[in-house]
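Model the placement of chain B on the given structure of chain A, informed by the hints.
Listed here are the chains, written in short residue letters.
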Amino acid sequence: MCILENKLAFAGMVIIAMLVILALFAPLLAPHDPYVQSLGQSLIGPCRDYPFGTDEFGRCVLSRIIYGTRISLVIGLGVTTMSTIIGVVLGMVAGFHNGRLDEIIMRVVDVFLAFPGLILALVVAGLLGPGTLNVVIALTVVGWMGYARVIRGAVLAEKEKEYIGAVQTFGAGDCYIMLRHLLPNVMTPIVVMASAGVGYVILAAAGLSFLGLGAEPPAPVWGAMLNYGKAYLQSAPHLTIFPGLAIMITVLAFNFLGDGLRDQLDPRMKNLHFR
Amino acid sequence: MATTLLSIRGLTTVFHCRQGQIEAFNNVDLDIDQGQVLGLIGETGCGKSVLGMSILRLLPPNGVSRGQIIYKYRDLLGLSPQVMQRIRGAEIGLLPQNPSASLNPVLSVGQQLMEGLRLHRMIKKEKARVAAQTLLGCYGLRGFNNRYDEYPHQLSGGMKQRVLAALSITGKPSLLIADEPTKGLDGVARNQVVALLRQLTRETKMALLLITHDLKVAANLCDQIAVMYCGEIVENGPVGKVLVSPLHPYTQGLLASLPENGLHPIPDYSPGVPGDIQGCRFYPRCRYRQDKCSCQTIKNKRINETYVRCLSASEGREN
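Residue numbers (my numbering), protein chains in the order written: chain A, 1 to 275; chain B, 1 to 319.
Honestly, the hints are just simulated from the structure, not real lab data.
As the structure is a prediction and not an experimental result, all values here were calculated from the model.
All C-beta atoms, glycine included, are put in the ideal place defined by N, C-alpha and C.
Everything hinted at is true.
Computed Cβ-Cβ distance ranges for the label pairs, DEER-style: (1) A:T81 / B:N62: 35 to 41 Å; (2) A:T81 / B:P60: 32 to 38 Å; (3) B:P259 / A:P184: 44 to 50 Å; (4) A:G173 / B:Q154: 27 to 33 Å; (5) B:K72 / A:C175: 23 to 29 Å; (6) A:L113 / B:E150: 39 to 45 Å; (7) A:L4 / B:P81: 45 to 51 Å; (8) B:N62 / A:V111: 25 to 31 Å; (9) B:Y269 / A:P116: 55 to 61 Å; (10) B:G10 / A:G173: 29 to 35 Å; (11) A:I119 / B:Q154: 47 to 53 Å; (12) B:G10 / A:R180: 36 to 42 Å; (13) A:F115 / B:P60: 34 to 40 Å.
DSSO-like cross-link-like pairs, simulated, lysine-lysine; straight-line CA separation at most 30 Å: (14) B:K125 / A:K161; (15) B:K205 / B:K160; (16) B:K241 / B:K292; (17) B:K172 / A:K159; (18) B:K127 / B:K205; (19) B:K124 / A:K159; (20) B:K125 / B:K160; (21) B:K124 / B:K172; (22) B:K172 / A:K161; (23) B:K183 / A:K159; (24) B:K205 / B:K216; (25) B:K160 / A:K161; (26) B:K183 / A:K161; (27) B:K160 / B:K172; (28) B:K160 / A:K159; (29) B:K125 / A:K159; (30) B:K72 / B:K301; (31) B:K183 / B:K160.
Heads up, incomplete: computed chain A residues facing chain B, CB under 7 Å, no partners named: (32) E162; (33) Y163; (34) Q168; (35) G171; (36) P184.
In isolation and in its complexed conformation, chain A is listed as follows (with noise of 0.2 Å):
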């Protein structure tokens, strides 16, 4: 079965790749500049002009969600593929030597475990003030160690096997037999762990700037616009239903995907097909 017959999967590739484009052409495809401010034409409900209508400050709402998007997959992406180089590397030299090196590792990534995730990355956002950049930083420390731990048990059970052996009678070194060897073994469940990651770190970063903590104020991000909506949720609802929208249409398609992923890759989900 290929991945494009999975109907929920294909349905969240398609909208990753309408949000790729959006972030991609924000400037071609968005009606009005996300930053101007027009105070005359404040609040609007959605309209012809304005189709998700106007904020306080008179700017246009769609303009800003399409903008939107592209700090949310900034991060989204951006802390995914840290995470996973971090807890790539770490678990399989965690896995590979067995011993006390793999005692440290594994009990710093229990240390930050035993730490409630949001609130860990609070404080590293912030100690390291406002900023896209800081916000991925806040959240790759409390991203890694998930990575880090099932790619430690898949190198423990795969360096067992007789093959990893015979590479090393041919005279294979260990970063070699790592590197080449083991690698492409334990990545299946790091491809879908990511895919659905992106969809939780956008979530998580729309926390984290729903707070107050992320980009400065006047930069278009999912986040901070609910939280500025949320004064007028009776007299202008628009405000937060668009963004929550994106936000939770951004994440179920990553989730879709990753659903599909691991369908697609766990052997035992998929029906035999032979070539």
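Chain B alone, transformed into the frame defined by chain A:
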């Protein structure tokens, strides 16, 4: 007189376990000449494979070897891990025991052959591809151009064995350790492997340490036979002597248990790995046993060209 390639003296390997030290084999002496085929035979669990891995120093972390493994005037046990890594594959190759599990499932056969070639012969990618295809062709994978890009699960067990054979000699080693290459194969495939190994040793003048419990394969291929029982070499001599007129009661028992010799098994089971047995390890199962066998360390005795570890062995004694 051929020069000695590998000379093992007093090699003992133990594993440190929760139950204490467990001995895999004890005080093993073994010599392999250049280009010689030495068969190491013995029953399951007697320490044959561990001996092979001890030579390559690829024991699990809790395994420790003592003694001397002199390879080309160097003691392998004294070398640094980096130097040892360079010896693996390039000087001493291993043909792994289980062909279907010994290839990386996510890399194509050609890729795996190529990396061996590039590592050992320092050649460029395009050249390595050609060389890998030639190797596959030499070792009997017909239509090798199609096989080159296939993955291990698309090959049969016999084909994988050939790929591994090609892989294990990419570094042109002077000594190949073949760990039970015929295990689990049917008659046809076994004959193919025997032919393959013979081709390997003839063409490359490579010495071969053949670890097996298949006496027929050993008789077919080997110049010299070492019989291992319970972690000790009990008899070591030319194939024509050891398999025709065996001196040690264990070797005699092994031969008598072959179907064509009447299928007479040796009574009882192998004791596994004994702790500190004084005297002969085969004592409990031996039909020539005497009281003196159980209370003294049995020394190697030389009778003609054969070394035998038995008190009662003598030239004239036959079955």
